[in-house]
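J.: Each chain, letter by letter, is given below.
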Amino acid sequence: MLTRGTLIYIAQRLALIAFTLVAVSFLVFITVHSLPGSAFESERVHGKALQLLLHEYGLDRPVLVQYWSFLTNAIRGNLGVSFQIRGLPITPLVMRELSVSAELGGTALLITIGLGTTFGVLAALRQNTWVDYTLTSIAVVGYSVPSFVLAGLGVLIFSYWLPTVTNGVISYPAIWTGTYGTLVELSLPAIILGFYTSGQVTRITRAAMLEVLQQDYIRTARAKGLKSRIVTVRHALRNALIPVISILGPLVISIITGSVIIETIFGIPGLGKEFVESITAADYNITVAVFTVYALLIGIANLIVDLLYTVVDPRIRY
Amino acid sequence: MAAVITPVIEEYAGGTIAREQVGLWRDGFRRLRRNRLALVALIYLTILFLVAIVAIFWTPYNPATILPNTLTFLPPSAQHLLGTDDLGRDLLSRMMQGAQISLIVGVGTSAIVLTVGVVVGLIAGYFRGWIDGVISVFINIFYGIPGILIAIILYLVLGKGLGNIMIAISATAWMDMARLVRGQAFSIREREYIEAARASGARSGKILFGHILPNALGPIIVQATFVIPIAILTEAFLSYLGLGIPSPLASWGSIASEGYTALPLEPFMMLWPAIALSVTLLAFNFLGDGLRDAFDPRQRR
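Going down the list, the protein sequences come from chains E and H. My numbering numbers the first residue of the first sequence as 1 and each following residue consecutively. My numbering numbers the first residue of the second sequence as 1001 and each following residue consecutively.
Be aware that one or more of the hints could be misleading.
Simulated crosslink set (SDA-like; lysine to any residue; CA at most 20 Å straight-line) [stated by the list, open to error]: (1) H:LYS1160 to E:LEU237; (2) H:LYS1160 to H:LEU1243; (3) H:LYS1206 to H:ARG1128; (4) H:LYS1160 to E:ALA282; (5) H:LYS1206 to H:ARG1189; (6) H:LYS1160 to H:ILE1104; (7) E:LYS224 to E:LEU237; (8) H:LYS1160 to E:THR280; (9) E:LYS227 to E:TYR217; (10) H:LYS1160 to E:VAL276; (11) H:LYS1160 to E:LYS227; (12) H:LYS1160 to E:GLU277; (13) E:LYS48 to E:GLY58; (14) H:LYS1160 to E:LEU35; (15) H:LYS1206 to H:ALA1196.
By construction, these hints were calculated from the structure, which means they are not laboratory data.
So here's chain H without its partners, still in its complex pose (with noise of 0.2 Å):
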């Protein structure tokens, strides 16, 4: 006992009384570390992100083609791990390149709804006066409406492709990061060291993205990983429905929906989109409510 007093004892005495400084990250990664749940889900995350970059590379089959000499609907077996499809092509191939896309789509989404929203949103909460007001109605306007029928639309003008599928996406998703940060830049701007950056004669650009930006960094990490499980969700949404990414690319929304089709068939193919869909995005879920709790200490519920 006392070995372990001592130590506590001479730093007061050395008088460090205050906490070790630690930077955002590390005191988040810190937290985080400490939930189970969180960091099982970072773990198959980082599995899935693994298993995405190796499919770039190699996967068992070609995921397109028809393999020659190979019956449709096989059940898993040693050649065919998770067996074939309708088509005869390889489900553990196929399945490997809808990872790929889930998480380009995914993380794509959630770049690009970061940049717009943070910079649209500082902006907002900033300068106020009329860019807030024009901003703020055209962001109440869209508030509501159901975020995947916007994208259907939009995908449809914009023309295939894994590019615009994101556009679509990001069309209704930066809103909400917009209104979070704003909300952010509303409260900062107020405070003392802003004012003291102003008065020190720093620039709009620099108070904004060297002071405003790094103090709301928390709450907009949070949310820009919320908006990776939205993305895949539309985007498996989309190609379910048949107007999402276009064959013979696979998608683990479009196999789900090869695999209902061929249910009485053929159970398996549609269950391993099913599965894959649902821990992935359990797993994000999961990561962002730690993530929420530890860099966002604030809003825990």
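Next comes chain E alone, as it looks inside the complex (with noise of 0.2 Å):
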């Protein structure tokens, strides 16, 4: 499977991932810093205690020297130090948020896929019937309501108008305990995050099933008497989820814009959180390095849904 040719592809698409981190980082670099204020603002240090601290961190230098430095400790897994609490080092502070993201990224993309893909079946199936329009019309609905308006409906739903169903665990304003949180208090934001992103893969799903029970080997396996479950599970829904894989860029992207509200909202100690926390309080070596650690997530995402790609389907050779 590994043939010289994918390897010198994987090579190329790292390196245009580099390059891409680079740029990004320089630009988002260049854009924060060129802000006049910083993090020392709202300590009220002046004159010459606001000097000594800028040296300490390095401000005082040209803008340039900063990036090169950053860039230099970043290749080395060095991020920096917070600002705000001084002198925190970041890379650990964010490999711990990273590790909270995924697990809520991670189940609500399986949320997503699991849920995008069964409606998106299920309309194909029963095609324009009141099935289809149902599942569509949920689609549309998770595609078109923000995440945050989801965010908030669900904490209303479940917390004020039926508590008696939940058994009161969601609650308002909504826990979570210790870094990683519990399964219960996990579940309503993985939830609303997934159903936020599931209506394009329902979408998807359902166009692609079309298309390919249109296909003569379908025909030919009812044909020959296989059963009809047999027939959409191996022959049609195999060959459906080809399309899938190639909006799991674009999901992985929505996930992470979606999870910057749905963490700050429920509190969870997560990227997104920390991203909107450090720009509140300027504390921007902690903005650039969340940014960078994203657009290297996006990259890598990028990366595997297109080799999950040759996988999948033979035909493709890179």
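Hints in hand, dock the two standalone chains.
T.: Now the structure itself:
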């Protein structure tokens, strides 16, 4: 499977990801550092003391020099230190938050794919019936209603209108214990985030399934007397899932964007919440670090998706 | 039956076999009229625009003033149709102002994206060479980077304000438009009528805006429509996080955020912006789908 061509392709893509990371982090770094204020502004240090503080963090150097030292350190895995919590190393902080976000995002991704493909297949099998119309309407609502609206409605329904049904486990304000929360605490945010992106999957699966069901080999499979369930799962669904893989990249992006607001609302200590907090607190080293990690995640996700393609569809070669 | 057939025969007899000549707009709107969902969306959006225009001159109360002798979190009543918020401000007035801000941001961003994206895309697709190379590399770097995150950072740098929020959202949104226009220009510039125009001595500017642009207008209109809900969503997203429209200006995003905080006391406050945002985004998406079917039939899904 791993031919020489594939390896060269992977190497090229990795080089491209590295280039993108440098370019994006440079632009964000320059933008953020062009701001006049700093994290120390709220501490009301002035004159000599401020100069000393800026010097300590290397903020009195030219921006390009600052970026160069950020870049060389980042390559060695050191993303710098926080301003707000003086001298706190960012790398361990970001890694921990990344694992929390991965917990939420991964669960949401599973929910998205599970829900989306199920809905899509059902809608395609029952095309132009009320089942189809209901499921496609849910999909449209899913991608038109903002994630924070869904979050608000979810909390409203489960903690305010139906507290007896959920036995009061979903509360307002949302609780998140420890670093990784409990399964119950994870459920509502993950379902909301997953539902928000599932509409895209439903739409793609439905279209792909309808197209596959028209193919000759499906007719052949039916003609030779296979059970309809086997035809649906083994012949149709497998081939219908190929286009679904193509939107995994955009899905990861949607989930990252959604997680920023979902984590903030539900108080989940992940990357998204950190991103928003670092901006409000003017802790720019963290802003740049989180952004770079996001760009890396997206680059790798897109690469994995493209490689998955060759696995599920042998016709594609790089 | 005969009465229906007769004029057709006459038309053929007159030699007008070709379809009646209609412009892009009339043809498009004729097809749009047949799409019931898009039509309903269009009617809703027209009403929303009227509400936003009315809000310039009149709202039931001043959306920013904390009303004297008014209790906070009043449920909907005859005096306050949508109730009052956490500070005792009239929610209907604030929702009307929110509609105004959403539409200004949506349409304004779309206009910026349209201008920048079309110009850059045309230049890249028509002149090719190193200009195209530089523009393409720049666009590809940002491909896949979430636009909302860029908008948050940029808005922070630019400072608070309606104009700046539009610039911050446009900063990444123009790229999709430029990519689309570039592709269109790429293929249209090879057509014979462009060659004819060039042969007859037309200047590049004339060819770009007089020949290529009009022939790419369909997909451009569709793309510009889809920018509006993205911009509205981004603005609401920023305002929800408290990084958007400065208070006391009301945005649907900030009302939703305040409403979420007040959830145990008064669920209505969160419900209004939630409904308004959802229906508006849905309407723009339906309209965009309808416009795509009407103006850009090749892209039909």
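J.: All hints, please: hold or fail.
T.: To see whether the hints hold, each was checked on the structure:
Restraint check for H:LYS1160 and E:LEU237: not satisfied, since their Cα atoms lie roughly 50 Å apart, outside the 20 Å limit. Restraint check for H:LYS1160 and H:LEU1243: satisfied, since their Cα atoms lie roughly 8 Å apart, inside the 20 Å limit. For the given pair, H:LYS1206 sits about 17 Å from H:ARG1128 by alpha-carbon distance, which is consistent with the 20 Å threshold. A distance of roughly 15 Å separates the Cα atoms of H:LYS1160 and E:ALA282; the hinted pair therefore holds under the 20 Å criterion.
For the suggested pair H:LYS1206 and H:ARG1189, the alpha carbons sit about 13 Å apart, so the restraint of at most 20 Å is met. Between H:LYS1160 and H:ILE1104 the CA atoms are separated by roughly 15 Å; this keeps the pair inside 20 Å, and the hint holds. Restraint check: the Cα-Cα separation between E:LYS224 and E:LEU237 comes to about 18 Å, which is no more than 20 Å; the hinted pair holds. A threshold of 20 Å between alpha carbons decides the hint, and for H:LYS1160 with E:THR280 the separation of about 13 Å falls inside it, so the pair holds.
Distance hint between E:LYS227 and E:TYR217 is fulfilled; the C-alpha atoms sit about 14 Å from each other, no more than 20 Å. Distance restraint check for H:LYS1160 and E:VAL276: the Cα-Cα separation of roughly 16 Å lies within the 20 Å cut-off, and the hinted pair is therefore satisfied. Note on H:LYS1160 and E:LYS227: the hinted pairing is violated, with a Cα-Cα distance of about 63 Å set against a maximum of 20 Å. Taking the CA atoms of H:LYS1160 and E:GLU277, the gap is near 18 Å; set against the 20 Å cutoff, the hint holds.
Restraint check for E:LYS48 and E:GLY58: the C-alpha separation of about 15 Å stays at or below 20 Å, so the hint holds. Taking the CA atoms of H:LYS1160 and E:LEU35, the gap is about 13 Å. The hint holds against a cut of 20 Å. Simply put, H:LYS1206 and H:ALA1196 have alpha-carbon atoms about 13 Å apart, close enough for the 20 Å limit, and the pair holds.
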